[in-house]
Amino acid sequence: MSSAAPVIEVRDLVVEYGRGRKVHRAVDGIGFEVRPGECVGFIGANGAGKSTTMKTMMGFLFPVSGTARLFGRDARDKESRRRIGYLPEVALYYPFMKARELLELYGGLSGLSKAELRRRIPPLLEKVGLGGKGEVLLKNFSKGMQQRVGIAQAIIAEPELLVFDELSSGLDPVGRHDLRNVLLELKNAGRTIFFSSHELTEVESLCDRVIMIHRGRIVTEATVEELMKPLNAYEIVFHLPDAAELPACVKQCGPKAEGRLHTVTIPDVTAYSRAISELASAGAKIQSTASKTRSLEDYFIDLVRSTEREAVS
Amino acid sequence: MNAIRLIAKGVLIEGVRRREIYAVVLVSVLLIGAVLTVDFFDIEGIEKFYREVALLVMSFATAATAVVLAARQLPREFENRTIYPMMARPVSRLQFLLGKLSGVLLATLFCLAIFMAVYVAGTLWLGHRIPWALFGQYVFLQLLMMTIVATMSFWLSMVLNLDAAISIAAVLYLSASVLSSLVTYIFPDLTTVGRYLLTAFVYLVPQLQIFDLSAKATHGTDWPPLSLATMAMLTAYAAVYSSGFVGLSLLAFRRRSL
Amino acid sequence: MNGAYWRIPSLAAFLLLPLLAGRVRPNDYEASRRDSQTAIERRNRTAIAAILGGVRTSMADMMFVKTEVYMHNGVAYMPHLNMDALSQRGEVVADDHDGHDDHDEEAYDPEFPPTVIPTAGKDFRGIVGELERRVRPWDDPDRPHIHTSGIELLPWYRMMTISDPTNVRAYQIGAWWLKGPKPEEALGFLKEGIANNPRAFQLPYLAGQIAAKLAKGENGETDSARTAEAWEFFDAATALMMKERPEGYDRDHPENFPGWSEYKEEDARGAVRFAVYFERDHGSRDAAIEKAVRYSEFFGGDGVLDRLARRLENED
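Protein chains in written order, with numbering that gives the first Met the number 0: chain A, 0 to 312; chain B, 0 to 257; chain C, 0 to 315.
These are computed hints drawn from the structure, not numbers from a lab. For every residue, glycine included, the Cβ atom is placed at its ideal position computed from N, Cα and C. Treat the hints with caution; some may be incorrect.
Stated by the list, open to error - Some chain A residues well away from chain B (every beta-carbon gap over 10 Å; in silico):
1) Glu32
2) Tyr93
3) Asn139
4) Glu296
Stated by the list, open to error - Derived EDC-like pairs: lysine to aspartate or glutamate, alpha-carbon spacing no greater than 20 Å straight-line:
5) Lys126/A <-> Glu220/A
6) Lys132/A <-> Glu19/B
7) Lys8/B <-> Glu100/A
8) Lys142/A <-> Glu115/A
9) Lys97/A <-> Glu13/B
10) Lys113/A <-> Glu100/A
11) Lys121/C <-> Glu13/B
12) Lys97/A <-> Glu19/B
13) Lys65/C <-> Glu13/B
14) Lys242/C <-> Asp222/C
15) Lys291/A <-> Glu224/A
16) Lys142/A <-> Glu76/B
17) Lys138/A <-> Asp221/B
18) Lys8/B <-> Asp171/A
19) Lys242/C <-> Asp280/C
20) Lys132/A <-> Glu201/A
21) Lys65/C <-> Glu76/B
22) Lys181/C <-> Asp221/B
23) Lys8/B <-> Glu201/A
24) Lys138/A <-> Glu115/A
25) Lys142/A <-> Glu78/B
26) Lys242/C <-> Glu231/C
27) Lys138/A <-> Glu46/B
28) Lys284/A <-> Glu307/A
29) Lys291/A <-> Asp162/B
30) Lys97/A <-> Asp188/B
31) Lys284/A <-> Asp297/A
32) Lys138/A <-> Asp188/B
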């Protein structure tokens, strides 16, 4: 993590919807930072508080308490907004505008000159897969094309920070692939990217860091490596003679037994090698071994379910 | 200013490209045409009737455009989520509001211009005279009235839902002259409290009928144009109420969650 | 929004339908005037009746108010129906003109009726009222007002009768204005009105007047066919009137006879007087005297008819 001043700085943020008895706390005291050049994925189930957090960060919602600052300034500050590109969750852009006109509108609002817009728009449309569609009315665009034009509007002013809410929503596999390339290009160019997505493979492949939110609270915040590490596991199934005793390194991994047949899951490769060797020394007969690498999605689902169970109990 | 101009341009593009405006023009022309096809005994001297019908249909159609266009600006921005990429840019909420309203007014002006072109063409085709001075003042006052109607609809759409905003604005527009007659008629019979309330009503709710020059434009040849002083007073009246509605809109929008 | 594009032309078609389908031809005179059921069914089969239903009557009434505004060059004066209320409040002084019948029209000074937009002295609205007086057609009600040409009102009467074919007054007044410049069209208009309102004696009465006028040629010659037509109209009007007028009608207490307005009574007396004059001019003096006496008795005495009978008796 860079030591530079954070681009996004969220502190003890509480956001509520409704009034009186019907008040619903969507974000419950969360805090995090995103440093320059980082690509951070913001994941959580539906209704976890992702969009609310992002909207508050952007100054669209007013928090009950806490702060959200961008580039060290209030989220509603014009100066900070000059440096941001934002993609909302599934927008339907003005149906009677052409794609070029829409980009001219948003680019113009970001302070780009007409000449600059004329120069930037054609390659930008090409980049997002809408080459040659600049003069087409947006009402004729499919959902995926709308999302592509949305991405184009977010990056037209080449902002330092990109905030994408539900990044790949509405995109087909080709669209996702194209988008991943665009994001990688932006990431390599040193842009700071903060996005929410339900596509965890995308998060896995693009992000440096992941923030998981559930019921308005952050449940995990770690680098992708840190997260993925415990997800790589090895399973050993073995027969243990009656007289033999389980080696300590296997015992501590909580093996399960069905008669003489034991199954144990070992968290990392070093421990796995050691366990094989000690089991052999103990006289165990190894029946099978398997690599049990879990995805971020598995981890996320487990995490959500365990949190749900805790809440119920 | 650039942000206001750009946002207004966006609304104007949308207003101009929507086929409803042309459909309304077509309907108006058909209606006026249909009225004129009725056998009026082959008599001369139906200029006033034509002017009355044409101006009435066109005023209603322009007002409907202004009301609907203004009232749906903000709800549509929310519904389609386009407000987010807009407000994520260095644009203040005041600029956003003024841009939207300017766009609505430009689109209304466009609509009014089309109608007036149709009216002038129809009048000349029928060989009737146009009282130009009164007609010019009529167009200007229509625009002032539409400014009030549009700003009012815009504000109503913020504090109510879209349908309610359109309904209230339409009722106020349509019943302006009836309400005016009604308040003057019932005033003497009211109690002191009732009189205060009615006076408050007259000053709080814009009195749109004072911009309605259609009757004089219809009976044009016998009425002189309005004085400059009257035009200035009407402009000031429109400015005060429009600014009031813009102010109320800003108050409602300033601390509103998007 | 795509659906809306089709809704607008559909609405237009819906609005245009009554104007086109409900269009009536003034010269389509059907001999159905004695068959009221047929007439009722005929007018209730029109598109405008099917679409507008009861609203058509209100629309016609609104157009009637419009004609009053037109007649005063756009200035809206208080409709007569408000006069009683105004009199009670003391805003209008009831003025019983000598020699005039005492009915609503005389409950205020017809030369100086109050305007809908009040004068500055009576307007509580201050600047708003002042601006309204300047922008909308307004005249000081204390000054005599100007009446414009009735020709400008004719489209409204035409629209009124399309909207509500039972509006006898619209046919009556429209034809009255039209008979000057276009008597043939006026007669056609009345024939349409008679077909739609077979029980309204006022229409054949006016039609008879117009036919009588048309019967007189420019060089003094008489068109016998027209004269016969006028006879037919007067006979029809008189017979209808005598059948419709309530027995024992009391002019001093018209409120006891809601189906027979003071206007109708005036028209009824006018109709028979004109019939007597027509008899005198085109028939025989004795028959005219006989009619004058008979009609006067029918009305329980009529000064004009009595004087006319006496004058005819004294003629050589």
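Is the Cα-Cα distance between Lys242/C and Glu231/C 20 Å or less? This hinted pair holds, its Cα atoms lying about 16 Å apart.
Once the closest CB in chain B is found, is it more than 10 Å from Glu32/A? At roughly 20 Å from the nearest Cβ of chain B, Glu32/A sits farther out than 10 Å, so the non-interface label holds.
Is the nearest CB of chain B more than 10 Å from the CB of Asn139/A? holds (13 Å)
Does the structure keep Lys142/A and Glu76/B at a Cα separation of 20 Å or less? Cα-Cα ~17 Å, so holds.
Given hint Glu201/A paired with Lys8/B - CA-CA distance at most 20 Å: With a Cα-Cα distance of about 38 Å, the restraint between Lys8/B and Glu201/A is violated, given a limit of 20 Å.
Compare the distance between the alpha carbons of Lys291/A and Glu224/A with 20 Å, and conclude whether the hinted pair is satisfied. Within the cut-off at roughly 17 Å; holds.
Would Glu296/A pass as off the interface with chain B, using Cβ distances and a cut of 10 Å? holds (27 Å)
Holds or violated: are the alpha carbons of Lys65/C and Glu13/B at most 20 Å from each other? violated (39 Å)
Compare the distance between the alpha carbons of Lys138/A and Asp221/B with 20 Å, and conclude whether the hinted pair is satisfied. violated (51 Å)
Verify the proposed pairing of Lys284/A with Glu307/A, using a straight-line Cα cut of 20 Å. violated (40 Å)
Tell me if the straight-line CA distance from Lys65/C to Glu76/B falls inside 20 Å. violated (43 Å)
CA of Lys242/C to CA of Asp222/C, is that 20 Å or under? Violated, at roughly 30 Å.
Going down the numbered hints, you'll see the structure goes against 2, 5, 6, 8, 11, 13, 14, 17, 18, 19, 20, 21, 22, 23, 24, 27, 28, 29, 30, 31, 32, while the others check out.
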